[in-house]
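> One-letter residues, chain by chain:
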Amino acid sequence: NAGVTQTPKFRVLKTGQSMTLLCAQDMNHEYMYWYRQDPGMGLRLIHYSVGEGTTAKGEVPDGYNVSRLKKQNFLLGLESAAPSQTSVYFCASRGQVSETQYFGPGTRLLVL
Amino acid sequence: DQQVKQNSPSLSVQEGRISILNCDYTNSMFDYFLWYKKYPAEGPTFLISISSIKDKNEDGRFTVFLNKSAKHLSLHIVPSQPGDSAVYFCAASAGGNAGNMLTFGGGTRLMVKP
Chain A
108 NAGVTQTPKF
118 RVLKTGQSMT
128 LLCAQDMNHE
138 YMYWYRQDPG
148 MGLRLIHYSV
158 GEGTTAKGEV
168 PDGYNVSRLK
178 KQNFLLGLES
188 AAPSQTSVYF
198 CASRGQVSET
208 QYFGPGTRLL
218 VL
Chain B
205 DQQVKQNSPS
215 LSVQEGRISI
225 LNCDYTNSMF
235 DYFLWYKKYP
245 AEGPTFLISI
255 SSIKDKNEDG
265 RFTVFLNKSA
275 KHLSLHIVPS
285 QPGDSAVYFC
295 AASAGGNAGN
305 MLTFGGGTRL
315 MVKP
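Protein chains in written order, with the numbering used here: chain A, 108 to 219; chain B, 205 to 318.
Among these hints, one or two may not hold up.
PhoX-like cross-link-like pairs, simulated, lysine-lysine; straight-line CA separation at most 25 Å [unchecked claim]:
no.: 1; chain 1: A; residue 1: K164; chain 2: B; residue 2: K209
no.: 2; chain 1: B; residue 1: K272; chain 2: B; residue 2: K209
no.: 3; chain 1: B; residue 1: K275; chain 2: B; residue 2: K209
no.: 4; chain 1: B; residue 1: K241; chain 2: B; residue 2: K258
no.: 5; chain 1: B; residue 1: K241; chain 2: B; residue 2: K272
no.: 6; chain 1: B; residue 1: K241; chain 2: A; residue 2: K116
Derived from the structure by calculation, the hints contain no laboratory data.
Next up, chain B with everything else stripped away, as it sits in the complex:
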């Protein structure tokens, strides 16, 4: 039973347009959420995060939105660039869990076309 789901395995967007990646979760104990970006043959790199006390966090071209009532978060990339083409994972953490473990979604492959 996946607690964090990314229902779109892939997304294709034109350069300069907005990319919206979605993530749903089922565990109401999750209170911190992260997005990671992964290029082929490399490890995931941290992109942006959000605490459950906020509904939006922005960092340059990247904005994460959190809708706690819907148990849904999304990552917006504006404007999208070809270098953004990668696999994006959302992850969630339940505060106070032993080891502060992260639960990951299955990933969404973003392709930004020039």
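The following block holds chain A by itself, in its conformation from the complex:
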């Protein structure tokens, strides 16, 4: 039982490049979330999903897209990376009953 896993752990991109971050959970959770963490700003919600095939915008969605084709996976895409997207990205999931979200270990992204 791995919980929430994220790949890759670290990535360096050049401005304008694209990439996809993968989140996987093995807890059969309905809800999944993508956050970014920047110094002094806590975690800010980018996009979230309330179930397979659904996605919705969070607080800071611009420049990102997401897909939830399978219940266990939630993908975060950057179509054209910008230096402002340099951050640490965390994925989280939760079940329908509990309020608690469980987080992955994070992906550190550097955009040059």
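Using the hints, position chain B against chain A.
Leaving out everything else, chain B in the frame of chain A:
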């Protein structure tokens, strides 16, 4: 406009003493509050939570207090241990919001000195 604020970016405490971390919120619709702990290079891990129908919740060395009239909550750690050194985030949820989203504070870095 931050709806959840942790006004102390850092806190230093001696081992064995009490650590008190504070959190203020502005949205009166928040009805569930959580504390997460985060070590460097790891994801946040859930620590303790409290519903708005309570004013206190205790779990071992950790106690969370909620003052709804002041829109304030605090996390008490007694006694503090060096392993408690981490960044602590408070988070809040408004019941019934689509996706049950959490709103996080900016975090407080706790350093417990041996």
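> Compare the structure with each hint and give your call.
Now the hints, each set against the structure:
1. A/K164 x B/K209: Holds, at about 22 Å.
2. B/K272 x B/K209: It holds: about 15 Å lies between the C-alpha atoms, which stays within 25 Å.
3. B/K275 x B/K209: holds, 11 Å
4. B/K241 x B/K258: With a Cα-Cα distance of about 22 Å, the restraint between B/K241 and B/K258 holds, given a limit of 25 Å.
5. B/K241 x B/K272: holds, 23 Å
6. B/K241 x A/K116: It holds: about 20 Å lies between the C-alpha atoms, which stays within 25 Å.
Of the numbered hints listed earlier, not one is contradicted by the structure.
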